[in-house]
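First to last, the sequence lines map onto chains A and B.
Residue numbers are given in numbering that gives the first Met the number 0: position 19 of the first sequence equals residue 18, and the series is strictly consecutive.
Residue numbers are given in numbering that gives the first Met the number 0: position 117 of the second sequence equals residue 116, and the series is strictly consecutive.
Certain hints may be false.
[Unchecked claim] Capping the alpha-carbon separation at 16 angstroms, the derived lysine to aspartate or glutamate pairs in EDC-like fashion look like this:
#1 125(B) <-> 8(B)
#2 119(B) <-> 27(B)
#3 119(B) <-> 73(A)
#4 125(B) <-> 112(B)
#5 80(B) <-> 36(A)
#6 77(B) <-> 21(A)
#7 125(B) <-> 73(A)
It is worth saying that the hints were derived from the structure and are not from the lab.
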Amino acid sequence: MPVDASLAGRTFPPTAPYTVTEERVREFAAATGSAYDGGAAPATFPIVVAFGAMTALMEDPSVGIALHRVVHGEQRFTYTRPVAVGDELTAELTVDSLRQIGGADIIGTRSEITDAEGRPVCTAFATLVHRGEDTPS
Amino acid sequence: MNTGDVLPEQTYTVTRADLVRYAGASGDRNPIHWSERVATSVGLPGVIAHGMYTMALAARALDTWADGPGKVRELSCKFTKPVVVPDDDTGVTVRVKGTVKQVTDAGTHVALEVTCGDEKVLGQPKAVLVA
Chain A
0 MPVDASLAGR TFPPTAPYTV TEERVREFAA ATGSAYDGGA APATFPIVVA FGAMTALMED
60 PSVGIALHRV VHGEQRFTYT RPVAVGDELT AELTVDSLRQ IGGADIIGTR SEITDAEGRP
120 VCTAFATLVH RGEDTPS
Chain B
0 MNTGDVLPEQ TYTVTRADLV RYAGASGDRN PIHWSERVAT SVGLPGVIAH GMYTMALAAR
60 ALDTWADGPG KVRELSCKFT KPVVVPDDDT GVTVRVKGTV KQVTDAGTHV ALEVTCGDEK
120 VLGQPKAVLV A
């Protein structure tokens, strides 16, 4: 079943503040084979915060997404500044676009990631592909 | 970096252990990234790396070329082919290449190529670094 057309343009409540600790950044860097040097967090680190917002979208019963049918199609980040240890980040997700192609919903999301003062840090654009039940995998 | 520069290829190994660490570090615990049973049940050839894991490797290459993290102003890609990670100690190799397309006031535009075996696993991966 396709997701409701009214989803387009909808903005979800901001995620709870996420505190960027040195330990978290070190773990993330180590998982991808990098060594954290005490400076900026790895460029894709903000996905941790954006992922929280995307999970809230996908688990919202009013949206009608079946989690196991979702594939990450595309990702783009634009940065105002790098993420640093000590940041307290929240993500506010808006569904920018929604279209149906071949029985799948193509959901374009934009998560605005801001710091504790509400200043922009990064915008994470994710395209989620929600495959319909009859769509061959 | 100057327009036309071909940046040195970076080679990374990805193992199942890396995916488990990344699942914990990123919060993405989707079982297709650690369970063969679940991965094959949804039609995948086996356990696959998180698309964001592969994108993180592209970012790691950018950090190497830019002499440190914090220089990326834009980063984007499509997730076109899965990186299948075998259940062994050897893992799989991901290669990241880059070419400087142009240098403007907005920054240094880099076109990437990310491959596993003979296949490009990311579609149109590109980045803008601070000039």
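So, going through the hints one by one against the coordinates:
As the CA atoms of residue 125(B) and residue 8(B) are separated by approximately 15 angstroms, the hinted pair is consistent with the 16 angstroms bound. The hinted pair formed by residue 119(B) and residue 27(B) fails the criterion: a straight-line CA distance of about 23 angstroms is larger than 16 angstroms. Among the hinted pairs, residue 119(B) with residue 73(A) is consistent with the structure: their alpha-carbon atoms are about 15 angstroms apart, no more than 16 angstroms. Under the criterion of a C-alpha separation no larger than 16 angstroms, the hint pairing residue 125(B) with residue 112(B) is consistent with the structure, at around 8 angstroms.
Taking the CA atoms of residue 80(B) and residue 36(A), the gap is near 32 angstroms; set against the 16 angstroms cutoff, the hint is violated. For the proposed pair residue 77(B) and residue 21(A), the alpha carbon gap of about 30 angstroms is over 16 angstroms, so the pair is violated. A threshold of 16 angstroms between alpha carbons decides the hint, and for residue 125(B) with residue 73(A) the separation of about 12 angstroms falls inside it, so the pair holds.
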